[in-house]
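Visitor: Chain residues, written in single-letter form:
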Amino acid sequence: MLQSMRDNLKGTAAIIVAGFFGFIMVIGGIDFFTGASGGAADAVAEVNGEKITNLDLQRAIQNRRNMIMSQYGENVPADLLSDEQLREPVLRQLVSSSVMRQAAQDSGMVMSAAAIDREIVQIPGFQVGGKFDAQVYRDALRRMGYSAVGFRQVMERDLVMQQYIDGITNSAFTTRADAERVVAVSMEERDFDYVILPVQQLLDETTVSDSEVEEYYQDNQDRFQRPEQVAIEYIELTPELFADSIDVSEQDVRAQYEQELASFQAKTRRRAAHILLEGDNAGKVAEVQAKLNAGEDFAELAKSYSDDLGSRDEGGDLGFTSGDVFPESFEEALASLEVGQVSGPVTTDSGTHFIKLLEVENAEPPSYEERKDAIAAQLRSAEAEREFVGALERLADLAYNADTLAGPAEELGVPLQTSELFSRQGGAGIAANDKVVAAAFAPEVKEDGNTSDVINLTDNHSVVLRVVEHKTAGIYPLEEVKPQIVERLKREKASEQLATRAKELKAQLEEGGDFAELAEASELTLETSDKTRRGGFGQRGEIIAKAFELPAPDSRGERITTFAVSDGDQVVLKLRSVNPGQLSRQSSEQRRALIQQLASISGGAELAAVQRYLSDEADIELAEQ
Amino acid sequence: MADHLTEQEQIETLKRWWAENGKGIVTGVVLALAGYFGYQWWQNSERAKAEEASNLYQNFVEAVSANGGEPDNKQMTTAKSISQQLKDEFPKGIYASHAALRLAAEAAEENDLESAEKELQWVLDNTQEETLKLLAKRRLAAVMAARGKPDEGLKLLEGAVPSSFAALFAETRGDILLQKGEEAGARAAYQQALAQLLPEQAESAQLLRLKAESLSAQDDGAEDKSEAQGGENEVEPADAGAEESSEQ
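So the protein lines, in turn, are chains A and B.
Just so we're aligned, residue 3 is where the first sequence starts under the working numbering, counting upward by one.
Just so we're aligned, residue 51 is where the second sequence starts under the working numbering, counting upward by one.
Treat the hints with caution; some may be incorrect.
What the hints assert, rightly or not - With a straight-line cut-off of 25 Å between C-alpha atoms, the simulated DMTMM-like cross-links for lysine to aspartate or glutamate are:
(1) A:LYS437 to A:GLU242
(2) A:LYS286 to A:GLU316
(3) A:LYS448 to A:ASP399
(4) A:LYS505 to A:GLU481
(5) B:LYS183 to A:ASP108
(6) B:LYS142 to A:GLU619
(7) A:LYS305 to A:GLU242
(8) B:LYS99 to A:GLU182
(9) B:LYS99 to B:ASP122
(10) B:LYS99 to A:GLU121
(11) B:LYS124 to A:GLU591
(12) B:LYS142 to A:ASP160
(13) B:LYS230 to A:ASP119
(14) A:LYS533 to A:GLU190
(15) B:LYS230 to A:ASP556
(16) A:LYS533 to A:GLU191
Treat the hints as calculated values from the structure; they're not laboratory data.
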């Protein structure tokens with residue numbers, strides 16, 4: 003049951019629950035207190051007198067971070083995961099779930115001990131091999147700093163909150179009549195014809211006077227706001243920059259290959275089996291030794307004597323070791339054996355072992371020819387990496403206080419690059435990077451003309467920059483924007499001219515003219531659009547939207563309209579028929595899916611309303627940060 | 051004072067004092083103990099009752115969600131009988147209301163509007179929770195309208211509504227008005243819903259906009275506005291976006 007409840011989770015609820023369980027799963031080894039400001043027990047918010055502590059907040063931020071990372075991988079920009087970015091939304095969510103939780107408990111929802119147990123044993127973080135493990139559970143609780151009782155209380159609170167939320171969302175529904183009305187609109191189909199009168203053909207013969215341009219420029223100053231802009235020169239360092247100029251001698255490649263060969267041979271892998279006798283039982287040891295000497299089957303003996311539960315049913319098989327898996331005395335004994343041979347008793351901390359060497363694996367080392375390209379590339383990139391690091395250190399010194407970056411660039415033998423002007427919104431190329439933009443607009447760089455610090459964009463990509471041009475915010479001069487204004491005014495004029503023709507066409511249509519013939523006479527293409535649904539992109543989307551704005555044709559006949567689309571083209575459109583969507587025409591699966599979707603949207607909106615209502619009623623205090 | 055009395059006299063004084071006050075003290079202690087244990091017992095029994103209701107509700111949800119939300123007849127019978135038990139034994143409890151809300155949804159899904167109405171009315175009459183009352187009202191209004199009683203539905207939606215529920219109520223009012231053929235009123239209601247929508251209800255916006263837009267088209271039927279639509283749109287050059295970035 004609770005599984006199905008969880009499947010139905012949506013939105014906030016899912017995040018709260020996933021956050022909670024996710025937290026338990028990832029708990030190992032996380033130090034919650036890193037980056038925490040203030041004491042762990044300090045309240046960051048109070049909801050109806052119930053405290054949300056700094057520790058709660060830090061835990062929740064860490065959960066959210068882990069969730070984002072598990073969802074989007076490691077490539078999420080670091081500042082999206084920073085405490086500052088996550089703090090506010092996470093705190094808001096904590097407050098709102100605290101409100102819900104209290105509402106659930108105040109309403110009288112509880113969980114019996116048995117019900118809580120049923121949930122605890124299902125949490126993957128407390129399981130080993132898919133089964134609940136009491137020891138793992140106790141360890142996890144200790145790591146999280148919960149007592150058993152405390153943890154059960156937390157579980158109860160979260161479970162009743164979930165019950166409360168599910169009670170609202172899972173009981174939402176849509177009546178058949180409402181669904182029919184929605185389908186009538188959303189799946190409505192319209193049949194219409196239209197012609198496009200292209201503005202392009204009129205543009206060349208349209209003229210715009212300077213005074214018109216000037217007037218438009220003066221009347222629309224707000225359209226020509228120019229943001230503050232800078233252009234930079236910069237030195238960009240990456241290891242690749244150095245890789246090309248590095249020669250790797252064949253001698254070095256050979257030497258590296260020899261080394262690989264040596265370590266390769268060291269990696270002989272041996273497959274061991276053992277019989278383990280725990281404790282100090284000399285009698286048993288002697289007994290097994292005797293049976294081994296008598297030639298009894300090792301695997302059978304392992305089965306009946308070995309105290310190693312993990313291996314005894316597999317004939318004592320422990321798998322492969324490269325010499326570093328087992329204790330030293332074990333490995334030494336194993337290494338001295340021939341395949342099939344069994345050792346005498348060997349003692350380790352675990353007890354006494356009889357060891358059998360099952361198999362030796364000596365993989366063939368790859369040939370020099372096979373490896374040389376890869377090795378050369380490896381050496382080159384390692385050397386490039388070294389030069390990169392060296393250059394990076396020198397760059398910091400060279401660039402500091404430099405009047406221009408040309409000197410440092412030459413010194414390091416790397417190119418000096420320049421950017422176009424860009425605003426705080428960023429620009430093309432290097433200016434697309436937020437860190438670069440932030441550095442360029444820092445006052446000491448932008449205004450004082452200093453070089454920036456070395457900015458590490460990634461581990462292998464660093465930049466130093468200097469502002470070479472700084473334009474304060476203002477209004478673009480007329481000369482710069484004139485071509486755009488001319489273009490715009492031309493389109494407007496041409497479009498107006500076209501509108502007259504479009505209206506003539508419309509009038510002819512209304513007098514009963516044949517659309518196809520009229521179109522042909524005007525050298526226009528008649529487009530027929532049957533069974534068209536809402537939506538669509540670009541010009542076609544605009545035309546469809548207009549076609550759907552028209553009232554349905556009535557007894558007076560078809561609906562004809564003219565309108566301009568955003569690029570200035572004029573359209574004459576004749577709406578022939580309107581067919582509302584019909585729920586009964588859908589397959590039963592589609593019907594069910596649609597009704598479920600409507601119910602789910604409704605349930606989501608109702609949950610949001612309840613949440614807002616409770617928050618409005620609650621006494622919420624946020625501590626000053 | 052005790053210094054001047056003999057041992058015998060002290061005992062006498064104690065005895066007299068006990069004869070006067072002993073009964074009162076014993077009664078007091080007994081009462082206090084009874085009160086303490088009584089309160090404990092009461093609390094435990096309240097908790098036990100609440101847990102019983104919770105367990106019943108979990109069994110209910112399990113039955114009603116069986117087969118991936120498609121319970122068979124037997125499971126539905128089980129669900130209904132548990133719901134009845136909750137109503138009988140814990141009528142003011144939250145779980146009885148939640149079960150009734152869920153049964154109403156199941157009934158509405160089967161187009162059994164009579165049962166849906168009954169369940170929702172029960173919630174409205176019995177629940178102690180203001181939020182559930184508001185939810186039940188809105189849902190009941192939709193069901194009543196679907197049963198051919200739009201005016202009764204509208205009546206439920208009248209009166210002051212907390213701002214958090216304003217959009218929901220307005221949307222349902224729009225649906226009912228539309229059903230009655232009052233398109234202008236419906237459009238106004240949808241527009242009100244859009245205006246009062248909470249940020250967390252963004253998912254509903256698209257649907258509301260669609261409903262409102264379809265009505266503006268229908269409603270203009272009387273007068274033909276298309277004349278005015280020609281050429282009035284502001285024309286933008288194809289490279290309109292270039293202004294802001296012309297210098298880059």
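Visitor: Each hint should be assessed against the structure and marked as holding or not.
Guide: Results for each hint:
no.: 1; hint: A:LYS437 to A:GLU242; verdict: 21 Å, holds
no.: 2; hint: A:LYS286 to A:GLU316; verdict: 21 Å, holds
no.: 3; hint: A:LYS448 to A:ASP399; verdict: 20 Å, holds
no.: 4; hint: A:LYS505 to A:GLU481; verdict: 37 Å, violated
no.: 5; hint: B:LYS183 to A:ASP108; verdict: 16 Å, holds
no.: 6; hint: B:LYS142 to A:GLU619; verdict: 22 Å, holds
no.: 7; hint: A:LYS305 to A:GLU242; verdict: 58 Å, violated
no.: 8; hint: B:LYS99 to A:GLU182; verdict: 44 Å, violated
no.: 9; hint: B:LYS99 to B:ASP122; verdict: 30 Å, violated
no.: 10; hint: B:LYS99 to A:GLU121; verdict: 21 Å, holds
no.: 11; hint: B:LYS124 to A:GLU591; verdict: 24 Å, holds
no.: 12; hint: B:LYS142 to A:ASP160; verdict: 23 Å, holds
no.: 13; hint: B:LYS230 to A:ASP119; verdict: 53 Å, violated
no.: 14; hint: A:LYS533 to A:GLU190; verdict: 8 Å, holds
no.: 15; hint: B:LYS230 to A:ASP556; verdict: 21 Å, holds
no.: 16; hint: A:LYS533 to A:GLU191; verdict: 5 Å, holds
Hints 4, 7, 8, 9 and 13 from the earlier list are contradicted by this structure; the remaining hints agree with it.
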